[in-house]
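Engineer: Sequence:
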Amino acid sequence: MLSVEIATSTPCYLGIDDGYFDVNLKKLNRNAKTALIGIVTCRGRFVDLFIDKITIDGLDGTISASRILSKALTLYPIYIVFFDGVTYAGFNIIDPRRLYSIFNTAFAVIFRHQLDLYKIFKALKEHFNDYAYRYSIIEYIYKQSFEVKVDGTKIRVYALGLSLELISRHIEKARRVFIEPYPLRVADRLASLIGRILMNKNI
Numbered sequence: 001m002l003s004v005e006i007a008t009s010t011p012c013y014l015g016i017d018d019g020y021f022d023v024n025l026k027k028l029n030r031n032a033k034t035a036l037i038g039i040v041t042c043r044g045r046f047v048d049l050f051i052d053k054i055t056i057d058g059l060d061g062t063i064s065a066s067r068i069l070s071k072a073l074t075l076y077p078i079y080i081v082f083f084d085g086v087t088y089a090g091f092n093i094i095d096p097r098r099l100y101s102i103f104n105t106a107f108a109v110i111f112r113h114q115l116d117l118y119k120i121f122k123a124l125k126e127h128f129n130d131y132a133y134r135y136s137i138i139e140y141i142y143k144q145s146f147e148v149k150v151d152g153t154k155i156r157v158y159a160l161g162l163s164l165e166l167i168s169r170h171i172e173k174a175r176r177v178f179i180e181p182y183p184l185r186v187a188d189r190l191a192s193l194i195g196r197i198l199m200n201k202n203i
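Numbering (the numbering used here), first residue to last: 1 to 203.
In case anyone wonders, no lab produced these hints; they're calculated from the structure.
On a predicted model such as this, the values are computed, not experimentally measured, just so you know.
Backbone N, C-alpha and C fix where the C-beta goes; we use that ideal spot for every residue, glycine too.
Honestly, I wouldn't trust all of these hints.
Said to hold, decoys possible - Simulated DEER-style distance windows between Cβ atoms:
1. 129 / 152: 22 to 30 Å
2. 31 / 164: 32 to 40 Å
3. 44 / 122: 38 to 46 Å
4. 152 / 122: 32 to 40 Å
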């Protein structure tokens with residue numbers, strides 16, 4: 001963890017991503033969970049890790065993310081929170097608009113690939129009674145995202161709290177070799193590892 005002096009004077013980034021899960025696990029346990037991980041980086045260095053749980057195909061994603069945010073924002077001057085899309089642990093949802101209304105910090109939802117909204121709607125309708133609610137969030141965030149280029153590669157970004165131009169600059173600043181920001185990449189790797197541990201413990 002960074003010293004208090006550095007942590008209070010250096011803008012930091014938070015990346016949130018979900019862990020690995022076996023698609024068959026939900027058949028054995030309808031409340032099966034995987035990891036939701038928050039990674040804080042400051043000055044391009046990993047400095048802290050926050051772990052929560054998220055229900056596979058549940059609706060506790062926003063609440064789980066809010067617990068991570070509450071802890072991280074208390075300890076670090078988080079400048080931007082990065083999300084890898086809005087669906088986690090299957091079709092659980094994290095709604096950045098709700099989080100923004102609570103924490104009033106900048107959020108960037110990154111879509112590294114184009115979404116097929118029709119296929120998503122069809123899949124949701126086949127498996128969820130509340131498909132309309134879940135789809136409305138996915139559709140809104142995706143349609144309000146804009147295409148940007150990061151080192152020549154096109155991604156889509158939904159920005160809250162800062163202009164798209166400024167957030168795009170920080171995406172470039174926060175990344176290393178890869179397209180996604182460094183905290184998101186670390187969150188993805190650690191969440192997958194922790195998710196496998198949770199799965200093996202049947203949590």
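Engineer: Now, for every hint given, state plainly whether the structure supports it.
Structural biologist: Status of the hints after comparison with the structure:
no. : hint                  : verdict
1   : 129 / 152: 22 to 30 Å : violated (43 Å)
2   : 31 / 164: 32 to 40 Å  : holds (38 Å)
3   : 44 / 122: 38 to 46 Å  : holds (41 Å)
4   : 152 / 122: 32 to 40 Å : holds (33 Å)
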